Every structure is written in structure tokens, then in C-alpha cells.
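**Student:** Here the protein sequences line up with chains A and B, keeping their order. First residue of the first sequence? That's 0 in numbering that gives the first Met the number 0, and the numbers climb one at a time after it. First residue of the second sequence? That's 0 in numbering that gives the first Met the number 0, and the numbers climb one at a time after it.
Honestly, the hints are just simulated from the structure, not real lab data. In this text the structure is predicted, and so the values were computed from the model without any measurement. Ideal Cβ placement from N, Cα and C applies to all residues, glycine included. Any given hint could turn out to be false.
What the hints assert, rightly or not - Simulated coverage check for chain B against chain A, where a stretch passes if three residues somewhere in it have a Cβ under 8 Å from a Cβ of chain A: (1) 40-52; (2) 334-346; (3) 362-369.
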Amino acid sequence: MEQLASALGTVVVGVLACVAYFYGSNWLLDRVFPANAATPEGGIRNLRMAHAVRPWLFLGPALLALGLYLVYPAIDSIRLSLYNSDSTQFVGLDNYVWLWFDAGFRQSMFNNMLWLIFVPAMSTFFGLVIAALTDRIWWGNIAKSLIFMPMAISFIGASIIWKFVYEYRGEGSAQIGIVNAIVEALGGDPQAWITIPFWNNFFLMIILVWIQTGFAMVILSAALRGIPEETIEAATIDGANGVQIFFFIMVPQIWKTIAVVWTTITITVLKVFDIVFAMTNGQWDTQVLANYMYDWMFRGGGDFGRGATIAVVIMLLVVPIMIWNIRSATADTKGH
Amino acid sequence: MISGSNTKSPLLWVVHLSVFLLVLLWTLPTIGLFVSSLRDKDQLAVSGWWTALLSSEQNEIGRAHGPDAQVLKDGLYVISGNILQEEGKKGTLIAFGWRAQEPAAFKAGETADLGKDGKMTVNSDGSYEISQPTEWTGSRGKRIFFTIETPPIFTLDNYREVLTAEGIGQSFVNSLTVTIPSTIIPILIAAFAAYALAWMHFPGRAVLIAVVVGLLVVPLQMSLIPLLRLYNGVGSFFGVPAKTYLGIWLAHTGFGLPLAIYLLRNYIAELPREIIESARVDGASHFDIFVKIILPLSFPALASFAIFQFLWVWNDLLVAMVFLGNTEDQLVLTGRLREMLGSRGGNWEILTASAFITIIVPLGVFFTLQRYLVRGLLAGSVKGG
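Taking the hints into account, I'd like the entire structure generated from these sequences.
**Tutor:** The following block contains the structure:
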């Protein structure tokens, strides 16, 4: 409880400090460059100076935090990837060479590629289908709300939920995991699903699909609603059926949104760590890059060089999407 | 949006059915967790949660009292007792047997023939009587196989246990301690920056906006090692612990800022130009405009971001594992769950109850403030693309 009090205290102090900073610095600026200076020219010059400085006062704390917590570490990670395990000795590209021939890394890359294909594809597909279907029924919003719900659940909570779904009990005892119960009811043999190499990757991916479908659904649902009514009416008059309208009239009109959903989920997938960490910790051939990086970061006292190298690889995979995002955002803000 | 002619299609029931199935598929895992967390732990361990409302049957083995408990009654040596009490089982005994091959050969209340004039009777309340004309010898009692039927038991015991004995209660407080400042502090910082990026003119503005958009997708992994080194360095330089709440508050603030600035800038930039310009003409300073006009008007965007940040910080595991210790007063809920998966992997009554406690807060936030969450998602990604 004392702890909570200190947290609330911090909130108050932090907010007051922010207010004091913004208010105080603005006040100071107006004193240093007063608009009503001795001469009119002086006044104008002062106004201009204040005008030039003020944006940086507004931006100051944000730039400081962004610089310290994102920009500086990103650059430092690249530097550290060229150093040895405790960052004391420059080793050039040794870490990258090691990575290239490392079996664990290759497996992580392979699995990550599976994740990158399966999760965005399935989430977008289900999201689109659910968005289209729920638009037609009166309880659509309730359905959407329920499918959206897993978004609020932590990856680790989701992992427990699904571990219970996949739970396996040995021969002879009743299966308490629903998947194995169904398999048994259908006459199959229960399996310890998450220990079956290769396929277990998909059982882990299903967890992320379960979480991300709601996101895809919400965005795509809004896009579907934005489609001009006339295009659909015209197709109906021409005799197109529901499925044809969906695939040939509606989907082409929301390609851009589908791409946005796809790339956003791709980013999430590249950073996926908790699910693999909690479900298998990379055992049974399920390793992925983010977990592998964490592993090296702390393994045997920590190998910061190799950990940073894997982080740089993750970053490189993100860069194309980053550039694409920046370009379209810049195009959007032009003229404002 | 889909035209009216479609709605009357005879295939509408197919739509209803498929949506229903999809919803079922999406909610069943969570329902299973919730139902299980309320079940008696013995039942949970032996039967699926979907049978929670049915009576469950369990096969058990027990041992009667040994020969030293025998009494001579009407020329028979009798051993009696209550197998359910002795084995600590609850429920109704429905069948029993005395041989492993036929563990449920006799119904409760029947008398089994043990051979050599030996008899065994076990009743539904668990009381038993074993008798034979000659004295019992040996040191151990006879084995009794029995089947009990227990009515469904729902209980809050699991929650009571995890909140006290398993330390979930303490972790709950720790999670709140991390989350509240980490959610509120970035908002103010981001709002000022967003205003500057939206309404002030200065060289380099376009570049800064591009940088923020770029930082949106920078993986957290890039920051971990340098920041860990930095924190360790600062810690040893000043002789303070490297893993502190202050450290994680600041880290979450930094990581949350790109989204905060981006969401708020988009929203603030869309506010009507006339309002801001007329205030300028009236002689209001940027500071006044921001505090008196922008902040109140951008409440929906502030709320959207606050929800995102709250969910993200509350659900975060990675940042907490790197920047906080795993001592009792620093272990957050996600970290505790992770630890339990290792140490309590088979105790589903503990895991399900703990997991439900950790997801109840974000679910509450989600269902009450869903409107803002959806709005934020739409603003954050559609335009961002």
C-alpha cells in the first residue's frame, strides 16, 4: 500500500513538474524576450526570437525522452553488436559471422518467417470475414465486441489460457484440455501438442491470431463501412451474388487498409516474445528471434554483443515497413 | 452498409450460424479458464471444465483398518470404519470392489464375498464392515476399491489461495504501482509536443514528424541492452539499485511517447483552424491556447492513448523482466504468472485463478472504454498507413 501511495505521489509530482516546466519556461521566455521592448524594432525582434524558441520548449521533454529511450539505444545497439560479450573489445563483424552459421539463429529465422506468413494472413482473413459477416446481423456489435476482447488480454495470460486448451494428460486419465478431449471423442489419439516439432509453431501462432483478429476486424470493419453504397448496388443490379460482391467489389476497394493491417500485425509478430517464452521457451524447435535475443542477453551472465546483433537483425526486418510508413505519413500530412 | 436486398437473403441463417460459431471459437478458451478457476481443485484435475455442471465420478483405492482394529462379534471377527473419512474423500460412494481387476464389481450397500466365508459390505456413506469367522492376521488392512460420485462444487477457494498464499495480491499492487505513473506521465509530455508539431511553425517540423512515425515501429529489443547497461551504470555510479520503479516509469514513458505524440498530433491537427486562429488574434499565447482550448478539446484522443498505454503497460512482461527485479515487492502480475507456469505448471486451480485476476482489470477497462479504444485504433493505424 505504501508503494501505491508512492506511485500516486509520483504521478502528482510528475504532473506538477511537467506543468511547472511548461509554465515556467514559457514565463521565462516572455521575460527574456519581452514583446514590449524599448524600441518597436526590439519588440519585433524579441517576438521573433520567442517564436523561434517556443516550439523547442514545448518539444523539449518529449525529445529528451525519445532520444534517451529510443534513438540513443538504437544507435548504441548497433555499436554494441560490433563488440564482444561484455562490450569491452571491438570484434568487428564477428558476431554477425557467428550468427550466420548459428543453428539456433537459423531456426529462429525460419520460424519467424512462418510466423510472418501465417499470423498476418490468418488474422487479416478472419478479421475481414468477421467484419463482413457481422455487418449483416442485428447482434453484430456484440459479436465483434467478444471477438475483439482478447486484445485486452496479456500475451502471458493468453498463453495460460491456451496452455489449458492444449493440456495433455497421459493415456488412461481423462483429458482436461478441450482440444485433446475433442480429438479423443472423434476417436483420435491425444497428443502433447506443443512438443510436436514444426507443427507446434502453428499451435503457438494460433494464440497470436486469436489476439490480433479483433484488431484486424475493427479496422477492416470501418473500411468496409466507408465503401460507397453505389458500387455495391450496381453490382447487385448486374446480378452479382454476395460472395462475388465481397471479393470483386468490396475487397479491391479496401486494399490499402488491408495492407495497413497486414504491416501492423507484421510488426507485432516480429516483436513476439512473451508467447514463445511462456509456452516453450524455444524448446521443441519453436525458437523465434525476440526470444532468442532475450536468451542471449541473459544466458550465462549475458552476451550483450550477440544479443545486440540479434536485435539489429530484428530492426533490419522492420526497416522496410518503417520506410513505407514514413512515406505514406508524409504524403498524408503534406499541405497541412 | 451491405445493401438491404442482401439482408433478406435466405442464406441469412448461415451468416448467423457462422458468426455464432466464430464467437464461440473466440470466447471458449477464456470461458474455460474462468469456469475452471471457480471449480474445486480435485474435480478440476480429473475432469474437463465443460463437465463442470455434471457430477463427476472418480475411482479411488483405499485401505481398511488393519487386523489390530478387529472386534469379535457374534462369532465373527469384524473390522469396520468409514473409507471416505479415512481417505479424506468427499461425495457419494456408488460402487466398490476388493480386487484390482474388478474395482467396481459391487454396488454400494451390497455384500461382497471374499471367499473362505469372508464378507465385505460398503455403504454409500463410505462406512464398511469386513468380517470372517477366523481371526485376521498380518499387519495391513484390506484394500478397498471404490468409485465416488461428487456433485459439482464451485468455490472461491482458489482465488482466496492465490491472493494470499501465492502472492498474487502483492503482485497486483506492484502492477498498479508500475502502471499508473507510466500511463499518466507521458500524456502531458506528449500533448505539448503534439501541439508544437501540429500548430507551430519551425524549421525541421516535417523531419520530426517523420522521426516520430519511424520510432513507432522500432522494436523494443533495440533498446533493451543499451538501457540495461545505462541503468546498471547509473546505479553503480550513484550507489543506488539499478532496478527501481522510477526506472521502469521512465522507460515506459519513453517507449509510449511515439504513439502518444502521433495519436495526439493527428487529432490536434484536425481541430478547426478558426478556433485557434481567432484565439491568436485575440492575443492568446500558444501556452494559453494549449491549456484552455487544445487540452479540453482533445479529451477523446487523450483517453484513447491512456487506454492503449494502460493496457500495454499492465500486460507487459519484457520491460518488467529487464528493468525490475523479481523480489516480492517488485514482481508484477505478468512476471508472477510466468514464474507460476514454471513452478506450478500442473496446478491448474492456481494458474487459472491467477490468470483470471490478471486479466480482469484490462477486461474491465476494455468493456467500459471500448469506444475510445476503437477510435484510437482507427486514428493510429488507418492514417498511419
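**Student:** Can you tell me if the segment 40-52 of chain B counts as covered by chain A, using C-beta to C-beta distances under 8 Å and a minimum of three residues?
**Tutor:** holds (count 7)
**Student:** Apply the coverage criterion to the segment 334-346 of chain B and chain A: a residue qualifies when its Cβ sits closer than 8 Å to a Cβ of the chain, and three qualifying residues are needed.
**Tutor:** Coverage by chain A holds here, the residue count being 3 at a Cβ distance below 8 Å.
**Student:** Go check the segment 362-369 of chain B versus chain A for me, would you? Three or more residues, Cβ under 8 Å, otherwise it fails.
**Tutor:** holds (count 5)
Violated hints: none; the structure is consistent with every hint.
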